[in-house]
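All letters in the sequence shown, in the order written, are residues 1 to 372 by UniProt numbering.
Calculated directly from the structure, the hints in this document are not laboratory data.
Keep in mind that the hints are not guaranteed to be accurate.
Unchecked claim - Think about it this way: if two alpha-carbon atoms lie no more than 30 Å apart in a straight line, the pair counts; the simulated DSS-like pairs of lysine-lysine are:
hint, residue 1, residue 2
1, 130, 36
2, 106, 167
3, 127, 167
4, 334, 321
5, 208, 188
6, 294, 347
7, 167, 24
8, 347, 321
9, 208, 167
10, 24, 127
11, 47, 24
12, 208, 334
13, 188, 166
Quick caveat, the model's predicted, so the values are computed rather than measured.
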Amino acid sequence: MQVCQPLAEAANFSCHAIQQLEQKLAVLRQEHSPIKHFEDYEGEIHKLFIEAEQSVLAEDLTGLDIDVPAIEVSGVCYHRVLRSSETYQSAVGPVRVLRTLYRNGKDHSIIPLELQAGIVEGYWTPKAAKQAVWMVAQMPPGEAKSLLDLIGNMTPSESSLARLPKKFNAQWEPNREAFEDFLWESVKVPEEAVTAAASLDGVMLPMKDGKRQEKREQNRVDGKRTRGPAGCQEASCGTLSFYDAQGERLSTVRMSRMPESKKVTLKQSLSALLSEALRQRPDLTLVKVADGAKDNWTYLANELPEGHEVVDFYHAAEHLKKAFDLSYGENSNKSREKFITYRHILKESPKVLKKSSKLWLTSINDTLVDRS
Numbered sequence: 001m002q003v004c005q006p007l008a009e010a011a012n013f014s015c016h017a018i019q020q021l022e023q024k025l026a027v028l029r030q031e032h033s034p035i036k037h038f039e040d041y042e043g044e045i046h047k048l049f050i051e052a053e054q055s056v057l058a059e060d061l062t063g064l065d066i067d068v069p070a071i072e073v074s075g076v077c078y079h080r081v082l083r084s085s086e087t088y089q090s091a092v093g094p095v096r097v098l099r100t101l102y103r104n105g106k107d108h109s110i111i112p113l114e115l116q117a118g119i120v121e122g123y124w125t126p127k128a129a130k131q132a133v134w135m136v137a138q139m140p141p142g143e144a145k146s147l148l149d150l151i152g153n154m155t156p157s158e159s160s161l162a163r164l165p166k167k168f169n170a171q172w173e174p175n176r177e178a179f180e181d182f183l184w185e186s187v188k189v190p191e192e193a194v195t196a197a198a199s200l201d202g203v204m205l206p207m208k209d210g211k212r213q214e215k216r217e218q219n220r221v222d223g224k225r226t227r228g229p230a231g232c233q234e235a236s237c238g239t240l241s242f243y244d245a246q247g248e249r250l251s252t253v254r255m256s257r258m259p260e261s262k263k264v265t266l267k268q269s270l271s272a273l274l275s276e277a278l279r280q281r282p283d284l285t286l287v288k289v290a291d292g293a294k295d296n297w298t299y300l301a302n303e304l305p306e307g308h309e310v311v312d313f314y315h316a317a318e319h320l321k322k323a324f325d326l327s328y329g330e331n332s333n334k335s336r337e338k339f340i341t342y343r344h345i346l347k348e349s350p351k352v353l354k355k356s357s358k359l360w361l362t363s364i365n366d367t368l369v370d371r372s
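Make the full structure from the sequences, and use the hints.
Quick look at the structure:
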């Protein structure tokens, strides 16, 4: 196998892929002289370099293959059963290589090339898998596919992108605690941090088997409201953020889980992460942030270390609106007037709101008693 060595003059490169790149690049520049449409020219340049990268990766992957009658792995002998070509998805697109399969009796075949390269799920190179997992964590597989098409590097199908997190999850969940311990140890609290903010929340997701329409129809028959999260379950999300003395956010670690009763697993993960952060910096001031959901505060108040408890402005304002609607009638002029006034007080002078809250609550209670 040839190895590309950096030389003083580009023309002396011995690697075939680099030589081809130089030749094609020279031809392309001649064809586009002068350059009339730079966007098209830029795309062609990118394509040439991608092809060169693919050739180099294919050559080096092939070098990881072992083609002998038999091999021994962990004391077990495997015999060669097949040698064939396979296409792998790299960070720069598909690469097709010749590799050898070995088998021990009726066991599944093993492929030395894949084991040595760290191929993920028999398809992805490590870097490609890392990029793909990150993308589908940020956006739906279809949008990730569109983004990759726009970038012009790797070209997995939407279905391949959709399958990857499921396969990843099957490997992650049985060893979640060990994996998370490793991850949390790699999280470094910024030196400038003086405050750590732990937050917890949930979001209702429509479930594929949630029977949404059937439930709404049944609610209609029963005379109940047909709006709202019918057929939905609550997914959970949590964050741990670090702030400096001026209140500027320095970094945030985000985590989330699909629907689970009481957010048990997410709470365990957030607690473990916070413990590691406080182990590194026991001097940090802890602030706990959530909406008004009882389960969130049962956890934040009772299971985390002592700290300041804060309801964020948006949710606090939401609770104000509900309280005024309850007191003065939903969306009534009086309710809207009170909400606008107290929302401003909540944002600009929260201490004033706190002092007046007892009188205000007494007024609401009196109103409810009169109505009853």
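* **residue 130 paired with residue 36 [C-alpha distance capped at 30 Å]** => violated, 37 Å
* Asked: Would the pair residue 208 and residue 167 pass a check requiring their Cα atoms to be no farther apart than 30 Å?
  -> holds, 19 Å
* Between residue 47 and residue 24, does the CA-CA distance stay at or below 30 Å? -> It holds: about 11 Å lies between the C-alpha atoms, which stays within 30 Å.
* Asked: Given the proposed pairing of residue 127 with residue 167, does the C-alpha separation stay at or below 30 Å?
  -> Roughly 16 Å between the alpha carbons, so the hint for residue 127 and residue 167 holds.
* Mind checking the alpha carbons of residue 167 and residue 24 for me, to see if they're no more than 30 Å apart? => Not OK: residue 167 and residue 24 at ~40 Å, beyond 30 Å, violated.
* Does the structure keep residue 208 and residue 188 at a Cα separation of 30 Å or less? -> Status violated; Cα separation ~38 Å.
* Restraint check for residue 347 with residue 321, where alpha carbons must lie at most 30 Å apart -> Holds, because 14 Å separates the two Cα atoms, which is no more than 30 Å.
* Mind checking the alpha carbons of residue 208 and residue 334 for me, to see if they're no more than 30 Å apart? => Given that 30 Å is the threshold and the Cα spacing comes to 42 Å, the pair is violated.
* Asked: residue 334 and residue 321: Cα distance at most 30 Å?
  -> holds, 11 Å
* Asked: Within 30 Å, alpha carbon to alpha carbon, are residue 188 and residue 166?
  -> holds, 29 Å
* Asked: Is the Cα-Cα distance between residue 106 and residue 167 30 Å or less?
  -> OK: residue 106 and residue 167 at ~24 Å, within 30 Å.
* To do: Would you check the hint for residue 294 and residue 347, treating anything up to 30 Å between C-alpha atoms as holding?
  => This hinted pair holds, its Cα atoms lying about 23 Å apart.
Going through the hint list in order, the structure does not satisfy hints 1, 5, 7, 12.
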